[in-house]
Structures are given as structure tokens and as C-alpha cells.
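The lines below spell out each chain.
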Amino acid sequence: MATHLTPSDDELLRLMMAGDEAAFTALYRRRQAGVYRFALQMSGSEAIAEDVTQEVFLALMSDATRFDSSRGSLSSYLYGIARNHVLRRLERDRPFVQIVDDGSEGGEQQQLAAWVADDNPHDELQRNEMIGRLRQAVLALPEHYREVVVLCDLHEMSYVEAANALGCAIGTVRSRLHRARALLLGKLNASIMSNQEGTNPGESFKTARCFA
Amino acid sequence: MNCKNFEAVISDLAREQMLEAHTREDALSHVGECAGCAAQLEDERALTNGLRSLAATMKQVEAPASLEANLLARFRERTAAVETSPVVVQMPQRGARWQRWYPHAVAAAVLLMFAVGGAGMLRLRQAEPVASNQKATASSETAKVNQTVPVNTGETPTAPAAVEPDTVATVGDTTNEARGQKLSRNEVALIMGTGGTRRTASTSVSRSRVNESRMTSGSGEIATDFMPVSYGDNLNDIDNGRIVRVEMPRSALAQFGLPVNMERAGERIKADVLIGDDGMARAIRFVR
Numbered sequence: 001m002a003t004h005l006t007p008s009d010d011e012l013l014r015l016m017m018a019g020d021e022a023a024f025t026a027l028y029r030r031r032q033a034g035v036y037r038f039a040l041q042m043s044g045s046e047a048i049a050e051d052v053t054q055e056v057f058l059a060l061m062s063d064a065t066r067f068d069s070s071r072g073s074l075s076s077y078l079y080g081i082a083r084n085h086v087l088r089r090l091e092r093d094r095p096f097v098q099i100v101d102d103g104s105e106g107g108e109q110q111q112l113a114a115w116v117a118d119d120n121p122h123d124e125l126q127r128n129e130m131i132g133r134l135r136q137a138v139l140a141l142p143e144h145y146r147e148v149v150v151l152c153d154l155h156e157m158s159y160v161e162a163a164n165a166l167g168c169a170i171g172t173v174r175s176r177l178h179r180a181r182a183l184l185l186g187k188l189n190a191s192i193m194s195n196q197e198g199t200n201p202g203e204s205f206k207t208a209r210c211f212a
Numbered sequence: 001m002n003c004k005n006f007e008a009v010i011s012d013l014a015r016e017q018m019l020e021a022h023t024r025e026d027a028l029s030h031v032g033e034c035a036g037c038a039a040q041l042e043d044e045r046a047l048t049n050g051l052r053s054l055a056a057t058m059k060q061v062e063a064p065a066s067l068e069a070n071l072l073a074r075f076r077e078r079t080a081a082v083e084t085s086p087v088v089v090q091m092p093q094r095g096a097r098w099q100r101w102y103p104h105a106v107a108a109a110v111l112l113m114f115a116v117g118g119a120g121m122l123r124l125r126q127a128e129p130v131a132s133n134q135k136a137t138a139s140s141e142t143a144k145v146n147q148t149v150p151v152n153t154g155e156t157p158t159a160p161a162a163v164e165p166d167t168v169a170t171v172g173d174t175t176n177e178a179r180g181q182k183l184s185r186n187e188v189a190l191i192m193g194t195g196g197t198r199r200t201a202s203t204s205v206s207r208s209r210v211n212e213s214r215m216t217s218g219s220g221e222i223a224t225d226f227m228p229v230s231y232g233d234n235l236n237d238i239d240n241g242r243i244v245r246v247e248m249p250r251s252a253l254a255q256f257g258l259p260v261n262m263e264r265a266g267e268r269i270k271a272d273v274l275i276g277d278d279g280m281a282r283a284i285r286f287v288r
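Protein sequences, first through last, are from chains A and B. My numbering puts the first residue of the first sequence at 1, with every later residue one more than the last. My numbering puts the first residue of the second sequence at 1, with every later residue one more than the last.
Fair warning: there could be bad hints in the mix.
Derived Cβ-Cβ restraints for the label pairs, each shown as a range [what the hints assert, rightly or not]: (1) ASP93(A) / THR23(B): 20 to 26 Å; (2) ARG288(B) / HIS144(A): 48 to 54 Å; (3) ASP10(A) / CYS34(B): 45 to 51 Å; (4) CYS3(B) / HIS144(A): 22 to 28 Å; (5) GLU91(A) / VAL61(B): 23 to 29 Å; (6) GLU143(A) / ASN2(B): 32 to 38 Å.
Calculated directly from the structure, the hints in this document are not laboratory data. In this text, all values refer to a predicted model and were calculated from it rather than measured experimentally. Think of the CB as a built atom: it goes at the ideal place given N, C-alpha and C, for glycine as much as any other residue.
With these hints in hand, go ahead and build the complete structure from the sequences.
Below is the structure:
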């Protein structure tokens, strides 16, 4: 995920703090999409994602000196701010945010193998449906599992970067990700099984894991 | 490798993360022997592909363009506010350690420089023979401008400061420009805003000169008011003074509660230092 961009985020930030509007614009354009997508994938709401993105950059604007480059990248710092705002919004809006707990809609048999065979043309619709189902499964994860899946799997962050963004240990990220992926498989399995009434269950997920 | 050990690395294996070579080989070898773990790995890989597909579908998703416009407007507002605000000090709150103590160290170094220079001046002054009292009571305006004149009417006039402008210019290594203006007590009082309770007849002349000194310290220059360099200074005790132009790091502004752009903290700024008759720096103003 780490890429070397010129000028660097740190340089742009320094210029921005000195009042350079072009530097702020460049920094915003470089980082807004990641922040927005993170908020969207965490909340499932475009309105929240937009609000959170705005809050993140306003926070950077008003107190950029809080960023300490010795503690991690600016990207991780921004994700960290975004995460805090998202969790706050989800807590505040909890009664109004609909998170689908399972994929009980639809009747077709879905197979995990459809994702593996990316180049299978007749599975395109099926794949899209599975991606939608997976999106819902991610949103249904508990927040502390959801955030590691979003950062590590959807944003391809390293464990170190994710740990910086979340303010926790690398080992915590690893173990949460492991558990989160198992939960995801479990949810998807349950979803597929529920749509395979009377059909061959062997066509869906083959395994179940125990975390006792 | 057994199933339990395989469980610990299955996510990294499916996500194609870095693994030690022998761990990876052992894991793959175990997959060849254990059907259950092989099935788990297949599901994990499928999940990885699914999540990558999900990420790919959102690759082009970004914040609405209107948000950038809003934020830019806010940025301009903030920048304008910071530029016009007289009290906003941008100091790092949680920055690197050196950022916290650097301004203090610079200010301490500047004050030390003044103190050492002042002591040297005092020594020079003591070595100088006492000048004639007649010289101190010269009545012409020219004499007031160029010499130090005691203020207290009826007091025995003191000797003029023995340190000449050329000497003052060498007080500190960083001194680039020494103005060497000598100011009487009333002029000092006017500059400091402490009120000259015992003004002489030359006050009006001095006031115009002080006003000129306060508002435009040079052609096209803008200056702040003079500020005492340390707490507890009784500015009324300054009988005579001398203004010396110095340069110092911009970060020294923070010591006087003035806004500092930390990005330019290393740049040098001009300041006029009011040095008392004792050779000590008593007040300072910043010049742009």
C-alpha cells in the first residue's frame, strides 16, 4: 500500500500549515478517496461518509500539529480520525442506520467458487450479487472486526499501518482480522445455506471454524 | 505442521502475505495431507478474492466534488483569520520534543547574549573617565538627540553613556544593524507607555521623535510596541536608553505572545532592543 509520492504528504502538510492553499488541495485530492471509502465501508451510508470526510480534513486544518510523523504515516493518521468520527456517528445514529445482518434475500444458489473463477463470463451477475452479499456481511460485522477487514482487506493496509490507524498492537490487528474473516465466512455460509433449502449443501462453503 | 498451527497462518497464506519460507512450505505441505485444512484454505482464498472484487468495485468511489469546494472555502477563511488574528500562536501540542523547547532555548540564548553584552558595556563604562557635567546639561535639541540627558531636574547630571553606537553594534554576534539612538527618560517613558511623570520642556520634541520611532522604525517598516523582555521589570527605572537593531529567530515571537508560523520559525526577523543605561536589554519591539 505504501507508495512514494512527490511531494510527500509531510511536505504538503508543512506547506498547508503555512497557508498554502495549493498544498491543501493536493493533499485533499490525494487522501480524500481513501478516507471517504473507509467511512462508507464502515457505515454503509454516503451521508455519514461525506460528513466524516469533511470532519477529517477540518480536523487536519485546525490542528495539524497533532500529527506526529514519528508515530506513523499521515494516511494512517487520517484513517484514525475517520475511524473515531465513524464510530461516534454510528453510536449516535444507531437507531437509524440499517445494517443487514444476513443475506436472506434472493433465491439462487451462490457459490464461493464463483469468486475464484473471476473470468467465468456467465457468472458476472452471480458475482455481483455475491459482492453485494459480501458487502452486507462486512457491514454486519461488529465494529472492531469490521474496521480491520476494511483496512487490511479492502484498503490493503499492512498490519503496521492498520495498527497505527486503530491505535492498537499489531498482534491485535492480526488476531482480529483472523477472527473477522472467520465470522465473514460463517455469515456467508449461513446466507448461502438459507438459500439452498433442499439443495446440495456441498455446493456452498465447505468449512466451519471453531474459536472456542 | 498440524491443523492448529495451520489455523494460525491460514489468513496470511490466503491473503498472500509475507511468510517465512519454511512456514509457507510446511503449511502447503499440510494442505496436501489434510482435506479439512485444504477446504478451509480454499474458502479463505475465495473470501480474499471476493473482498478484492468488492474493493475493486469501489475503486472509483470518492467524496463529492462539492466537499472539496466547501473545505477550500473553510481553508481560506481559516488562513485569513490566522493572518489577521493578533493572538493566535501556532505552537505544536504534541509534536517532536525539540519543537517544544526550541523557542525557549532561542529566547534564553538571546537574553543571555544581551546580558553578556550588557556586562561588557558596563565594564567599558566604568573604565571611562567621568565626563564633564557641562556636557550633560547641554540645552540644544541637537544635544538632546545625540546625548543622554538626565531627566530629574535639580539632580546632579550623570555622565553620558560611554558606549558609543559603534561599540553597541558589536554587542552580539547576531547584531547586523545598530541604530545607536540614545533616548532620554521621557522618551523611554513615551515608548514604553509608562508615562513620564517628570517631563522636561523638550517633551514635545521628543514625542514626535518617539512617535516616529514607534510607528515607522525605518522607511517602510512597521513595528510593534515595545514590550518588556522580562517580567518584573520596573520600566520607570529606566533613566536613559539606547535602541539597538538586532536579528533573531522568528520563534522568539512566541515568547512575547505573538503569533508564530512554525513553518518559518527558523527564519530571522528584525527587532529593536531598548537597552537601559545599565547595559541590560529592557524592552523589545519587532519590526517588519
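Can you give the numbers of the hints that this structure goes against, from lowest to highest?
Structure breaks hint 1 only.
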